[in-house]
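Make a model of the complete structure from these sequences and hints.
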Amino acid sequence: MIEIIPAIDLIGGQCVRLEQGRFERKKVYDANPLEVALRFAEAGCRHLHIVDLDGARFGAPLQLSLIEKIIAASGVTVQSGGGIQTEEAVESAFKSGIKKVIMGTVALRKPYLMERCLLKYGGEQIVLSADVLNDKVMVSGWQEGSEVGIKTLIDRFLPFGLLEIIATDINRDGMLNGPAVELYSKLKEQFPTLRIVASGGVSSIADIKTLNENGVEAVVVGKAIYEGRISLEEIMQNGYDHAR
Numbered sequence: 005m006i007e008i009i010p011a012i013d014l015i016g017g018q019c020v021r022l023e024q025g026r027f028e029r030k031k032v033y034d035a036n037p038l039e040v041a042l043r044f045a046e047a048g049c050r051h052l053h054i055v056d057l058d059g060a061r062f063g064a065p066l067q068l069s070l071i072e073k074i075i076a077a078s079g080v081t082v083q084s085g086g087g088i089q090t091e092e093a094v095e096s097a098f099k100s101g102i103k104k105v106i107m108g109t110v111a112l113r114k115p116y117l118m119e120r121c122l123l124k125y126g127g128e129q130i131v132l133s134a135d136v137l138n139d140k141v142m143v144s145g146w147q148e149g150s151e152v153g154i155k156t157l158i159d160r161f162l163p164f165g166l167l168e169i170i171a172t173d174i175n176r177d178g179m180l181n182g183p184a185v186e187l188y189s190k191l192k193e194q195f196p197t198l199r200i201v202a203s204g205g206v207s208s209i210a211d212i213k214t215l216n217e218n219g220v221e222a223v224v225v226g227k228a229i230y231e232g233r234i235s236l237e238e239i240m241q242n243g244y245d246h247a248r
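Counted from 1, the sequence shown has number 244 at position 240 by the working numbering; the numbering is strictly sequential.
If you are wondering where the hints come from, they were derived from the structure by calculation, not from laboratory data. Heads up, a few of these hints could be off.
Simulated DEER-style distance windows between Cβ atoms [claimed, not checked]:
{"no.": "1", "residue 1": "GLU92", "residue 2": "ASP139", "range": "31 to 39 Å"}
{"no.": "2", "residue 1": "ASN36", "residue 2": "LYS103", "range": "31 to 39 Å"}
{"no.": "3", "residue 1": "LYS190", "residue 2": "ARG233", "range": "38 to 46 Å"}
{"no.": "4", "residue 1": "SER235", "residue 2": "LYS103", "range": "37 to 45 Å"}
{"no.": "5", "residue 1": "ASN242", "residue 2": "SER96", "range": "34 to 42 Å"}
Where a beta carbon is used, it is the ideal one built from N, C-alpha and C, also for glycine.
Next up, the structure:
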């Protein structure tokens, strides 16, 4: 059964969502992300996806202290990324209480560092993030393109113990127009042992059902929850897991 992971995106200490990764198309949903996390925890959620968008944009983690407070106050486990591009940043993330460190830009720019981290911490704690636009992986908070395809990126790190990837279709992120089912189905076919986490476009329980039917192990849901399209109660009523 697919796992639903609520998302909290941070800019300037606020809970926000972007449309298609565009910082100029930012919407603030709550000025206090800690309260958001507490609401998720009270609803029974024990796992959150937190992204430091400032960190992703500027190349260094900028909100670890806030994330540490969220973890301490809410008791949830957190997977998080954004600007983690050095071994010191990885260590700081784990020291702050983050359970899984998400690495995206660094996988392209410093693949040797991604390899070292996978070997040191294992695929249970280091997660690859691939933000895809027109079949190519974007970096730096989706601000810069590359010529690298997602399959090439995965192939690079599988020998080093990669177990999980969070794949985002940028064209769908924050648009509530449905997830990129074809992308995830293809990835599952090509990499059957890899844990696939879908991100972007989910707007309804029906979307989650479709992903589940296509073998996707987990899905990050943000805007659909904040806009009232999906509630955690509805997730529970449909038998999906949001408390892993």
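Give me the numbers of the hints this structure contradicts, sorted from smallest to largest. 2, 3 and 4
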